[in-house]
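Chain A is fixed; fit chain B onto it per the hints.
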Amino acid sequence: MIPERPTVAPQYSLYWRKTRALTAVLLLIWAGVSFGVTYFARDLDFEFLGWPFSFWMAGQGALLVYGLIIAGYAWAMDRLDQAHGVQEPEE
Amino acid sequence: MSERQAFKRQLDRVYAWYTLAFFLFVLMLAGLEQLGLPRVWIGFIFLLSTIALYAVIGIMSRTTDATEYYVAGRRVPAVYNGMATGADWMSAASFIGLAGTLYLSGYNGLAFVMGWTGGYVLVALLLAPYLRKFGQFTIPDFLGERYGGHWPRLLGMGAAIVCSFTYLVAQIYGVGLITSHLTGVAFELGVFLGLGGILVCSFLGGMRAVTWTQVAQYIILIVAYLIPVVWLSVKQTGAPVPQLVYGFQLEKVTAKEKLLTHDPKELQVRELYRQRAETLTEKLRDPAAALTADKAAAEARLTALREANAPSAAISAAEKALSALPRDVVSARTTWSRARDEALLKSRPLNGMAPHAQQYAGDPDGDADAQQAFSTSRRNFLALVFCLMVGTAALPHILMRYYTTPTVREARRSVTWSLFFIFLLYVTAPALAVLVKYEVFHTVVGTPLDQLPQWVASWHKVDASLMAIRDINMDGILQLNELTIAGDIVVLAAPEIGGLPYVVTGLVAAGGLAAALSTADGLLLTIANALSHDLYYKMIDPNASTARRVTISKVLLLVVALAAAYVAAQKPADILFLVSAAFSFAAAAFFPALVLGIFWKRANGIAAALGMVAGLGVTVYYMVTTQPWLREAFGITQPIALWWDILPISAGVFGVPVGFAVIVLVSLVTRRPSPKAQALVEFVRYPHRR
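Residue numbers (this note's numbering), protein chains in the order written: chain A, 116 to 206; chain B, 14 to 703.
These aren't lab readings, by the way, just hints derived from the structure by calculation. There are no misleading hints in this set.
Now the in silico label distances, taken between C-beta atoms and shown as ranges:
(1) A/G147 to B/A19: 42 to 48 Å
(2) A/A146 to B/I490: 45 to 51 Å
(3) A/G151 to B/K689: 39 to 45 Å
(4) A/A191 to B/V677: 25 to 31 Å
(5) A/A191 to B/D354: 48 to 54 Å
Covered by chain B, according to a simulated footprint, are these stretches of chain A (three or more residues, beta-carbon under 8 Å):
(6) 130 to 136
(7) 149 to 161
(8) 166 to 179
(9) 188 to 196
We put the CB at the ideal spot given by N, CA and C, even for glycine.
Okay, chain A solo, but in the shape it has when bound (with noise of 0.2 Å):
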């Protein structure tokens, strides 16, 4: 199942790291909603359909913003996937 020597042809290499810049700059997206805005709640108390901004972003606009950086990673991998002639044999 596993292969013992390590080759990796260079179009799979660039596949990994596309995968890897993909990765960072979701990762960025998700820290800089997390923490980021999270560390400026209290200046960003302006109203918000209803809400003080931040108390809706806690509570409702970074759960949004997860769950697009999770359908949207499932997305583009697939893409990737299919460009790079790596997706998984059909069965």
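Below, chain B without anything else, positioned relative to chain A:
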């Protein structure tokens, strides 16, 4: 592929019928209630029928095949794995505790909402697809294969058992509480009844039975959670989507908070509590003398009443007062200091609760103390969010679920579904907290005691520790600071607050039971698998047949379940703290080793083992030296020294970076991992590799 689609369609059909049948069942009970079925019967019917349902699913899914038993045959479609993960994830603490925490601490409680959802970003991006590609059975499995040698596997196993066991005890405790509330049986009996429900399912069919039961449990718990909130929202705002409209209720709550803070009656109550706190502080200076004086006074009063031939009611009241005095100095000290703490809390505005929408304590523009309070509170909020997120992405019973999908692609999609199903509850809990607070502020506070809403009186009667009222200024009207509410009441009483029939209260309890049982199932399986697969099969007897491994796993399951039930029946102190501690432990032990194992080929076995020990060590050390209950358990007397004022619950914030640092540094000064380990890393990174 088409076989998979057919399987999914079949599941869709089964669960659609199941949901319909469940609704009909609830409607039927509602009808019977109208015809006069007693409440306690409704409770029993809910309890027994849901447990019987889980048992039937367990029996139908019984198996002795290893792949079926450990990872449900790896053919759980993304949506259903998402639902099962949702049920696995949402414990009694999420279902019952979360809304209560939000009620009591407002914005600051949102750390739990963010932490318990944001962790799935880490699961999706860093772990789930790669673990699925690895495709074995447990999390210690990955550590063992990736890093080689016995140590990483053994440490992983130990950490998995410690985290899961503490968490499991809390779930079984929750099961006992809910069952005894629902049916009135004794707590211990409730524990063992619930245990039966857990065991019959995971014992017979392992992961396969647990998965299909968890899907059924998710449906019950989400329906049970949403109905009262939607109803309450319709009642208050006319809109059936509480998540979209509770902002306006929050505005009204905030306005009312301003009024209550300066209300003369509230000020009077607070002043009375301030005086009481002062008296108690005075007494605590010399408890022995104060106790003697109290006793003498009470006895004198009793004698005086008897001599004056006072009415017998007055005499028996005085007798009661005398016998209610603390027995000795030790118990006097604990009783009085508890009473003093309560009085101090109640001398503060809004019953000691922070204004609901206020971010963090203190004030960044205030004096030095207020600024200090603000930055400490904000730092702790961020640290807690970090620990909960990283902990979520490291709890073995959650990660294990992603072994059960058919492909890597399905694993990625399955995390999206997991978050979606979790989101439904977590986005509703803050709404529920605000709606209940609105209700309390507007229909309970400021109401004459004899005209309080029905639910206040009934919960007051059920359990005085959940809801207590004391008219300290004796004006016959309830002030906010005269009302003591435990967080759990927010969810438990929500149906009655909305004026729904009792059957919905039973439904909510069944939902809480489903939440606790589903989590307990997943945890129990994690522990039993760690022991049977990682310890027995991989280390003791690698030639064991699959049937033998499954049998051993089942026996262990029974032993672990009984041990956990035994511990839970002792009612260990501070159980909520233990649950939160499990997150910090898991975060520090697993997260660095797992992530570096996938993303950094250079990470090697000795570094991983040392990193896990160091990360966990720092976390445990910090917790043991700073958490009052653990300090007492370990007999630590040196003064508490907090690092950057971080509370013990967030100890993982130190353990995780230490774990990463140790793994990186030690790896760099020791040998490269073997070609086999590097090949494994390549293998998990590319979905097509066989």
